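The numbers in this note's numbering rise by one with no breaks, and the one at position 159 of the sequence shown is 160.
Heads up, some of the hints might be wrong.
Computed spacing ranges between beta-carbons, pair by pair [claimed, not checked]:
| hint | residue 1 | residue 2 | range |
| --- | --- | --- | --- |
| 1 | 54 | 121 | 17 to 25 Å |
| 2 | 40 | 138 | 57 to 65 Å |
| 3 | 245 | 59 | 18 to 26 Å |
| 4 | 205 | 258 | 47 to 55 Å |
The set of hints was computed from the structure by calculation and includes no laboratory data.
On a predicted model such as this, the values are computed, not experimentally measured, just so you know.
Each residue gets a CB set at the ideal place from its N, CA and C atoms; glycine is no exception.
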Amino acid sequence: MISVGAGAAARRARGRKRAPKPIEVQFRTIVSPHQLNSRWGRRIYWLVLVAVLVLFTLAFVFPLYWMATGALKTPEELAQMPPTLFPADPSPEAFFEAWDLFDIGTLLANTAYYSLGGWVVCMAVDVSAAYALSKLRPMFGNVILGMMLATLMIPAMVVLIPLYVTVVDLGLLNNPWALWLPAAANGFNIFLLKRFFDSIPRELIEAAQIDGAGAVRILRSVVLPVSRPILGVVSIFTIVTSFKDFVWPLLVMTDSDKMTISVGLSQTAGAVTQNQVMGGLLITSIPMVIVFFIFQRHIMAGLTAGSIKG
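I would like the entire structure built from these sequences, with the hints used as guidance.
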């Protein structure tokens with residue numbers, strides 16, 4: 002009994018000796034972790050981080066700051082060389098003058114109407130197309146999706162003339178449908194929606210089918226309620242794109258009472274002072290800035306939603 006116990010103990014000891022050593026993962030970077038954790042490494046790291054953040058913040062925020070302070074300056078101070086960073090005698094009169102001279106109220110109402118209508122048409126087309134490609138799986142669905150994505154590689158200016166000729170032939174000039182129909186089918190939006198719909202568990206769809214739900218009922222009662230994050234992101238992209246579009250509304254909306262905000266400002270900018278132009282630009286930028294701050298969390302959540310399955 003003693004020899005058997007001793008033999009078992011020896012085998013266990015040999016097994017422990019032959020146990021593989023844990024593999025140490027080494028990360029090769031420009032700066033080693035040891036240098037980064039040192040006193041000077043931490044200082045340099047924070048110095049570089051703060052410098053990059055400040056530079057990028059200035060690059061994006063400074064144009065807005067210059068537009069806001071330019072509206073508060075007089076035309077003479079705005080044209081002064083070298084320019085001043087702060088207005089010497091700030092006055093908000095340029096904002097009220099710009100509102101009346103540009104008729105910003107009418108332009109904003111037109112733009113909101115076009116954006117809302119374009120959003121409705123775009124969501125109806127893109128959601129239906131993405132749902133069909135993801136859940137109904139038609140024949141040659143991957144080929145169709147590839148062709149849609151291939152349109153993203155074509156510059157918008159290439160199709161501008163054929164699109165304009167088509168709108169003229171259909172008699173849609175100065176008609177909201179001239180803005181809504183070209184923006185309805187968007188390959189990027191369809192791709193985002195399809196990727197999210199692919200992440201919806203198949204069991205939910207099968208359970209609804211067992212209960213007797215058809216394709217439309219499944220879309221309305223199952224797919225759309227769980228797709229609110231990506232629907233919000235696509236909605237924001239669609240509205241912002243419609244709000245800031247310039248070239249296409251300039252071609253198809255020629256009547257002064259039907260112009261969008263970007264076209265209306267450009268048509269009147271040559272007849273007013275520079276500080277009034279700055280005031281009009283700042284007023285028209287406020288709606289989109291508000292939309293961003295309200296929905297900024299939904300933008301990032303929707304972009305990452307559906308990227309990981311499981």
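Verification of the hints:
1. 54 x 121: 17 to 25 Å: Taking Cβ atoms as reference, residue 54 and residue 121 lie about 39 Å apart, which means the hint is violated.
2. 40 x 138: 57 to 65 Å: holds, 59 Å
3. 245 x 59: 18 to 26 Å: With Cβ atoms ~22 Å apart, the hint holds.
4. 205 x 258: 47 to 55 Å: Given about 49 Å between the Cβ atoms, the range holds.
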